[in-house]
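If you read the protein sequences in the order shown, they are chains A and B. Here the first sequence is numbered in my numbering, starting from 1 and rising by one per residue. Here the second sequence is numbered in my numbering, starting from 1 and rising by one per residue.
Hints listed in this document are in silico derivations from the structure and should not be mistaken for laboratory results. A virtual CB, placed ideally from N, CA and C, is assigned to each residue, including glycine. Among the hints, erroneous ones may be present.
To be verified - Example chain A residues on the side facing chain B (calculated, C-beta under 7 Å, incomplete): (1) K59; (2) R68; (3) L69; (4) N70; (5) R71; (6) F74; (7) A77; (8) F78; (9) Q85; (10) G86; (11) G120; (12) P123.
Unchecked claim - Derived BS3-like pairs: lysine-lysine, alpha-carbon spacing no greater than 25 Å straight-line: (13) A/K59 - A/K89; (14) A/K39 - B/K122; (15) B/K55 - A/K59; (16) A/K89 - B/K9; (17) A/K27 - A/K59; (18) A/K89 - B/K34; (19) B/K9 - A/K59; (20) B/K89 - B/K59; (21) A/K13 - B/K59; (22) A/K59 - B/K59; (23) A/K89 - A/K27; (24) A/K39 - A/K89.
Number of protein chains: 2
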Amino acid sequence: MFFGEYSYKVDEKGRIPLPPNFRAQLKDGLVLAKGMGEKCIAVYSIAEWRRLSEKLAEKALTPANLRRLNRAIFGTAFSASFQGQGRIKLPDPLRTYAGIGDTVIVVGANNRVEIWSEDGWKPEITSAEEQASQIIESGV
Amino acid sequence: MFFGEYSYKVDEKGRIPLPPNFRAQLKDGLVLAKGMGEKCIAVYSIAEWRRLSEKLAEKALTPANLRRLNRAIFGTAFSASFQGQGRIKLPDPLRTYAGIGDTVIVVGANNRVEIWSEDGWKPEITSAEEQASQIIESGV
DNA sequence: TAGCATTGTGGGGAGAAGTGGGGAATTAGG
DNA sequence: CCTAATTCCCCACTTCTCCCCACAATGCTA
């Protein structure tokens with residue numbers, strides 16, 4: 001389970017660290033993918049990613065659908081691992097997709113980790129908070 | 001299992017490299033075919049190709065159908081292998097079919113690899129992503 | 001308060017991988 | 001049988017990746 005919000009610098013080689021307790025949960029390997037629908041990078045553990053992709057594949061009704069789905073899911077995913085002191089390299093296609101410059105916001109989101117650009121994160125979190133408080137007001 | 005999205009240049013001799021990762025999985029030989037339904041080149045391992053063609057043959061209901069199918073599938077397929085530093089030569093017919101100029105996008109799509117022209121890939125992936133996020137919205 | 005451990009940040013260097021091109025061997029066509 | 005074109009093996013250069021080490025800042029401990 002992933003928690004919290006952290007800010008890191010992207011160094012000249014495109015690397016970022018992850019919070020130490022995220023590392024522990026991801027030590028068996030991780031998968032980087034496009035955040036579906038949002039302009040961010042999604043990080044999954046191997047197990048979680050497999051579970052997710054299988055579940056998605058079940059939803060494809062036709063072979064053509066399945067091909068496109070595989071393209072969207074696998075084509076945008078990169079497996080990665082920690083190098084040296086626990087940093088990962090952000091693949092260029094994903095970095096461009098998420099509009100990441102030299103600072104990232106790393107966010108724990110329950111079953112996955114999300115990596116946002118500074119500019120992408122601010123509007124996202126404010127509207128998400130708004131929505132959350134509405135849901136809470138309606139009774140939890 | 002094939003992952004990720006990579007961009008490569010086609011050199012003057014019509015060769016492209018494949019990601020080291022993919023090479024290892026295809027070292028026993030590979031088959032190039034037209035992407036069924038899409039304007040791209042599909043790359044299969046020998047084993048996967050055999051599995052696929054057997055499956056297709058089962059679906060052919062009449063001998064005439066089977067002949068046509070065989071023509072369409074085997075007639076346009078090329079077996080290839082890695083030469084020198086791990087590059088493959090793109091057969092001219094397939095190259096024209098996929099509209100490939102001097103840059104390709106190599107995409108891992110689970111059980112196969114796809115080779116796209118730059119111009120063909122962009123619209124395909126955007127609509128594929130749209131479709132995927134719709135499926136996600138409908139509840140995973 | 002002093003010292004130690006952990007963690008973020010920067011960078012050097014060896015090796016791998018992408019790119020370009022020469023030349024021998026094989027094939028096709030006249 | 002000879003010539004031309006294509007294929008494929010090899011070599012060379014450049015770029016990038018990844019492993020390593022170092023330093024600074026922070027927080028904990030004694």
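_Violations among the numbered hints_ = Numbers 9, 10, 11, 12, 13, 17, 18, 19, 20, 21 - these are the hints that the structure violates, sorted from lowest upward.
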